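Chemist: Spelled out, the chains give:
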Amino acid sequence: MVTRILKKVYLYLVFLFLYAPIFVLVIYSFNDSKSRGHWGGFTLKWYAALFQDREIAQAVYHTVLIAIISSVVATIIGTAAAIGIQNMKKINKVIILNLSYLPVLNPDIVTGVSLMILFIFMKAFTGVGLGFTTMLLAHITFNIPYVILSVMPKLKQLDKNLYEAALDLGAKPGYALRKVIIPEIMPGIITGFLLAFTLSIDDFVISFFTTGSGVSNLSIYIYSMARRGINPKINALSTIMFVLVLILLIIVNLRLSKDKENSKDLKVNSSLKRRES
Amino acid sequence: MKKLIKLVKKNTIWNVARVITAVLVMTLIIGSFAGCNNQSSDGNTGGKKVLKVYNWGDYIDESVIDDFEEKYGIEVIYDTFATNEDMYVKIKSGGSDYDVAIPSDYMIERMIDEGMLEKINFENVPNFKYIDDRFKNLAYDPTNEYSVPYMWGTLGIIYNKTMVDDPVDSWEILWNEKYAKQIFMLDSSRDSIGITLKKLGYSLNSRNEKELEEAKQELIKQKPLVLSYMGDDVKDAMIAGQAALAVVWSGDAVYMKWENSDLEYVIPKEGSNLWFDSMVILKGSKNKEAAELFINYMCDPEVALKNTKYIGYSTPNTETKKMLDEDILNDPTAYPPDELLEKCEVFESVKDVVKLYDRIWTEVKAS
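Protein sequences, first through last, are from chains B and H.
All the letters of the first sequence, read from the start, carry residue numbers 1 to 277 under this note's numbering.
All the letters of the second sequence, read from the start, carry residue numbers 278 to 644 under this note's numbering.
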């Protein structure tokens with residue numbers, strides 16, 4: 001009995017610590033006072049101000065755009081790389097895999113500064129100064145290893161004979177890849193994509209060093225408010241982002257449960273049919 | 278049967294993928310709509326002049342930028358930084374190409390020394406005449422060729438009237454044992470050593486080893502009384518009444534007093550630090566005339582009024598001061614009396630002894 005209560009208390013405590021900060025943030029986004037120290041009454045003015053703020057709108061735009069492009073590109077490159085690595089000979093495989101682990105273990109600051117130096121050095125040849133393009137390239141770069149790492153286990157689980165069987169049955173290599181390999185490793189690809197997407201939205205250090213004038217993402221923008229204190233508009237923005245993610249999660253879960261119900265129906269139907277026959 | 282389950286599993290995964298794609302496409306579309314209005318920073322500017330401004334975060338009334346764009350047909354690309362050092366790194370690395378920046382005094386001195394700034398042609402900045410003469414030719418830019426003050430303020434003590442019953446008019450109170458563990462100090466070597474030097478009656482730009490050693494001893498003596506060495510979070514902590522006394526900048530003090538009427542700000546009688554954030558033009562600016570136009574616009578009394586009202590810091594603009602409400606103007610927090618201001622000093626670069634400052638601060642923090 002006691003252990004059961006303890007278990008419950010422990011669970012609730014975990015959730016409390018996970019969600020308390022978010023709830024405080026949501027509540028303070030309706031705070032009339034600019035201070036985080038005390039409550040000045042209910043207001044929606046920060047939401048109104050948020051939608052009029054062109055700097056924030058631009059920061060959100062850059063953040064989302066870079067997150068989408070970089071995660072899509074990184075997913076494509078990473079998946080192709082993973083399939084390639086999987087089919088390598090033993091020694092090469094170990095070397096290449098470890099080489100792609102390295103950037104993950106590398107501190108962000110090292111990646112950021114080295115990319116910045118590279119981009120400034122390359123400017124002489126390419127004419128591309130620090131800005132949107134360089135930030136995007138940097139994000140793709142640090143996203144690729146994460147995609148490889150999440151696709152690799154799925155490839156290891158994959159039955160080697162599956163691909164050969166497809167070829168035996170007359171599929172061309174490209175067709176077999178599209179219809180056999182990719183669907184089998186899809187969960188890994190999606191995990192990698194989501195990981196890349198969130199990492200890109202999150203990133204501050206690398207973005208800070210690789211961006212130029214006129215292009216800042218949300219994390220840079222919020223960080224720059226440090227001296228004057230974080231404007232409550234950011235609380236409002238965070239609340240909106242949290243709610244959007246929540247809705248997205250609910251939609252995905254609803255669809256999943258609907259699919260399950262459908263599959264149940266299918267099972268019932270098929271068993272009925274079998275009985276009839 | 279197994280096949281069927283596998284098929285369903287595959288389908289759900291595809292469904293998840295499809296939902297995600299749909300959401301992404303939607304955000305992309307919405308994003309590009311939002312972007313149409315706002316984003317024109319890279320590339321397509323249609324022959325319009327472009328001006329790149331680098332300022333502190335949340336340090337301008339943003340309508341001023343829109344008005345400037347509309348009035349002169351110049352597009353402003355506006356970015357923000359959090360500390361002088363961040364800004365310095367960004368500009369020094371050579372990756373950015375800003376025209377105008379707004380650093381603080383000591384950083385301007387350093388940037389002038391390193392040849393990072395362009396001389397301003399004051400013929401193009403007629404509104405410079407509105408700037409208070411006291412704030413021209415200061416130590417960081419002695420001949421005033423490089424900078425135009427944007428905001429200014431002082432360093433002082435904020436205290437909670439309900440918790441402090443002694444008169445607060447001297448730095449001494451931060452060493453009063455009565456307020457042990459009720460004092461917030463700034464986590465910044467120059468500021469903390471500076472006020473200690475002031476308390477001892479020295480200049481806060483002292484480069485004298487003996488004076489600095491004395492200041493170190495004082496700070497070590499004070500350390501047991503200090504609740505915490507704070508940064509930006511000191512504002513919320515004081516508003517919430519977590520301590521009786523704190524060292525803060527005047528601009529923040531205005532805001533803190535506004536949020537909690539028990540708080541009062543004092544510039545100690547020994548004098549204090551006078552700081553400036555000033556507009557400068559960076560070397561290599563491709564559009565120097567537009568930059569001068571912008572600086573001139575920012576010195577326009579009406580525009581300066583908008584900014585000082587939004588930010589809450591003190592304006593160096595004499596005409597703007599005349600337009601301010603009485604209660605702001607008579608508030609000694611924002612506009613202290615002249616005799617006190619005369620005792621305040623601007624930070625100068627300590628050049629050769631900068632390592633000594635660092636060492637003292639490390640020793641104090643480690644003691």
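I should point out that these hints are in silico values taken from the structure, not numbers from a laboratory.
Keep in mind that this is a model prediction, so the values were computed, not measured.
Hints may contain errors.
Calculated cross-link-like contacts (lysine to aspartate or glutamate; reagent style DMTMM-like; alpha-carbon spacing at most 25 Å) [unchecked claim]:
#: 1; chain 1: B; residue 1: LYS34; chain 2: H; residue 2: ASP443
#: 2; chain 1: B; residue 1: LYS123; chain 2: H; residue 2: ASP374
#: 3; chain 1: B; residue 1: LYS45; chain 2: H; residue 2: ASP343
Chemist: Hint by hint, note whether the structure agrees.
Modeler: Hints, one by one, checked against the model:
| no. | hint | in the structure |
| --- | --- | --- |
| 1 | B:LYS34 - H:ASP443 | 30 Å, violated |
| 2 | B:LYS123 - H:ASP374 | 13 Å, holds |
| 3 | B:LYS45 - H:ASP343 | 21 Å, holds |
The structure does not agree with numbered hint 1 stated previously, though it agrees with all others.
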